[in-house]
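2 protein chains.
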Amino acid sequence: MIISLNYTNMMADAVGAEYGIHETDLLALRARAKTIHEEICNRRQHGEYAFFDLPFNQSMVEEVLQLSDEMSGRFKNIVVLGIGGSALGTTAVFRALRPLTHNLLTDEDRHGLPRLFVLDNVDPDGFAAHLAICDPAQTCFLVISKSGATVETTCQFLVAKQWLQQAVGEEYREHFVLITDPEKGSLRPLAVQQGYRACDIPPGVGGRFSVLTPVSLLPLALAGVDIQALLRGAADFAPHLCHGSLESNPAYLNAALQYLAYQKGLRTSVLMPYSDRLRDMADWFRQLWAESLGKKYSCDGRVVHVGPTPVNALGTTDQHSQVQLYMEGPFDKVVTFITVDHFDQDLDVLPGAPSPEMAYLEGHSMAELIRMEQLATAVALTKNHRPNCMISLPNVSPETVGALIYLFEVQTLFAGALFGVNPLDQPGVEEGKQFTYALMGRSGFEEKGQEYARIQSRLAPRVLNCQ
Amino acid sequence: MIISLNYTNMMADAVGAEYGIHETDLLALRARAKTIHEEICNRRQHGEYAFFDLPFNQSMVEEVLQLSDEMSGRFKNIVVLGIGGSALGTTAVFRALRPLTHNLLTDEDRHGLPRLFVLDNVDPDGFAAHLAICDPAQTCFLVISKSGATVETTCQFLVAKQWLQQAVGEEYREHFVLITDPEKGSLRPLAVQQGYRACDIPPGVGGRFSVLTPVSLLPLALAGVDIQALLRGAADFAPHLCHGSLESNPAYLNAALQYLAYQKGLRTSVLMPYSDRLRDMADWFRQLWAESLGKKYSCDGRVVHVGPTPVNALGTTDQHSQVQLYMEGPFDKVVTFITVDHFDQDLDVLPGAPSPEMAYLEGHSMAELIRMEQLATAVALTKNHRPNCMISLPNVSPETVGALIYLFEVQTLFAGALFGVNPLDQPGVEEGKQFTYALMGRSGFEEKGQEYARIQSRLAPRVLNCQ
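Chains A and P, in that order, are what the protein sequence lines are.
Those letters in the first sequence? Residues 13 to 479, per our numbering, in order.
Those letters in the second sequence? Residues 13 to 479, per our numbering, in order.
Just so you know, not all the hints are guaranteed correct.
For identical chains, the list gives no copy identity; a pair is met inside one copy or between any two copies.
Claimed, not checked - Calculated cross-link-like contacts (lysine to any residue; reagent style SDA-like; alpha-carbon spacing at most 20 Å):
| id | residue 1 | residue 2 |
| --- | --- | --- |
| 1 | Lys-395 | Ala-472 |
| 2 | Lys-308 | Ala-247 |
| 3 | Lys-88 | Val-180 |
| 4 | Lys-196 | Arg-209 |
| 5 | Lys-276 | Asp-25 |
| 6 | Lys-308 | Glu-82 |
Simulated from the structure, these hints should not be mistaken for lab results.
Just so you know, these numbers come straight off a predicted model, no measurement behind them.
Please work from the sequences and hints to get the whole structure.
Have a look at this one:
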């Protein structure tokens, strides 16, 4: 398995001196990279970066597999109740490693595996539509929240519980697995005192770094993903991510390239897989990159208001939507392609085109076309002085997806250090949560409710009503 | 039906003088708005903006309905082959106006309506997965390309044709509808000479403005969307979009707000519906905004490299993914919420929370929660000096979705004039297409192939291979 990072088109000799990276830019980061690496190793040894050790946590994966085996054949629908880090990784890996049509297959074609629904919102239309197609007797909800305080997940849980109680009575508890902190939070006591099944999120792993924990491993295992191969892919890739030098560690190198591009004003970072199956990896990455690096304060307490804006795109699809802007708009973007060398299936175009203008495609295949389009887009961007790089996977498999996840996680950690921010916290979402609690009348948030009223009342409303 | 634009939090008195818009900023645009309006009216009278008249085109909709009636009951699967403007609008409206689970419903629950698949890529894994769940005898492909030259659509068409021929023999033509230019292009002769069924895209309507043409109307009608109500919603909203003054035309006003924000350095424009059903409207809008405004040249030929970057987000989901960055990152974003006053369904939280920490949600509903979360997020952004505004729909219905589409289209046209660019062209994607043709060996593109080789050969490849 060779995963490669091709950064030819990030450099000044490819895209020009103004927005391209100079050899000297990279050299200048070498010493800092070494220091950061030592710091990371040091902190890791002191147990600070728990996500780093997940691919090697055999007991965790065995516990998940045991639970998954126990539940096997019992349910036709697995419904994830969770949001953000409790949902995005599962959606991304499920899409990558099960057929895109998994939920549309007949029971027989799914070989008895359940359908998997990830409900990561509190839209009643969306939630009700999904309940309506599930038979309660054959449905299991995975309630995923580390703290147990996530308001969206709590609301989903309460509604699902009512729905089950009406249908199956007091057996409803057997239709839940709570995936939560092993000790803290409001979900754990339900497991201990009320007999809900539960599964631990390893301590010290934050939401957006939790895809290789039971948060995603349990739903993925239930849906038929080979989670051992997923973890093995990450573990096998680990040596590359432990290199101390910028030039030989793909996570460090890619973080450095992104950081240098940001310094040159390229503050939007597009991640564009040329693969339907990898589409939602870009959406998962969006959280990882945005929440980890988008910060007001630096680690040393200065106000910095820093952070690249991650944008997800899909090749070839977004060539017909976003690429016009990437080619001609402001010089504020860097595009990272993810390519796949071998697709699992291919579709050949045989002779017999009904129009002579279409005949040029005869003898080619769909896989060839998608690969050529990526090359064409990359060279056109390069010619237009738009930095771009390419991560190539040999195929889409549990092993390569595991490696890719691990690569991006370490890249994010390293980028946090380059940007001088804490990549593991998210203080900026606290305020919105508190306003929500206040508006929902939760006791203890009365002051926040008054602040809300105060802010609203001091503003002259400007509303254009169209009747 | 009242659709409103609340721009209170865009203004300087809400978010501060540095990034907020001043009353005087808007006043200063008044005269220009009037001139642009007159220009738009004038050009429209001369037939330049064909998309403007679509909601009133009764013969077009009758033709679509007749074809849809003819095909009714004949197919179990409708598969759209198209990309960009031939796909995004259909996906967005289908998601908004049919149950989110439409394709998962049983034939009975779908009341005999077909499933609808929009395949807008040339990923062989994705394409093959969808073919595998369709019975060729019951599948109809809508081949959508104005020019008939779109390489992705051509490749899809050729593969689908082979697949059908193998299964149903020479009857395969009956499993296609070509939606294309009434006269030009390579698809039209197939209809005229080879007996393929065809449907016209009205002349003068570009891809990203084509959602209210047969491009989307036919697949939507086949899938059970009330396309007459969709067009009526747009038509009924038209008077608001014909106002000449900035303050009373929501399309002009919103374009002006976005333009002024861009001038203040807020170059990323986030569209964040708080509705699962409206999620993909933001993805459709992404093409409209990016391709229309992202331009190298102004109308008077100057090099400007202009264009806001549209970003799609979803409330509440992206509160747990992107909002940390929006709250604390660089001051480079403006957020537009889309809210829904009444959901079609609601889910109440009844007494009986299994944990006292969850009891505060009792007596509330899911619809209430999603609405409060939007308000909480808006006020938190405002407090953090982040401009944001809100488009409110009374509900998600064919009428409101039709109005919203029309609003965004006119807004884009007006924004093009403010930015001084042509919102109807996309010259920047031409080069990538030509490189693709060259790499696929299409005759006539040999020079482009040589240029590709030249660019590649002059660059020192920089690749980190991880084995």
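task = Output the numbers, in ascending order, of every earlier hint that fails for this structure.
result = Numbers 2, 6, in rising order.
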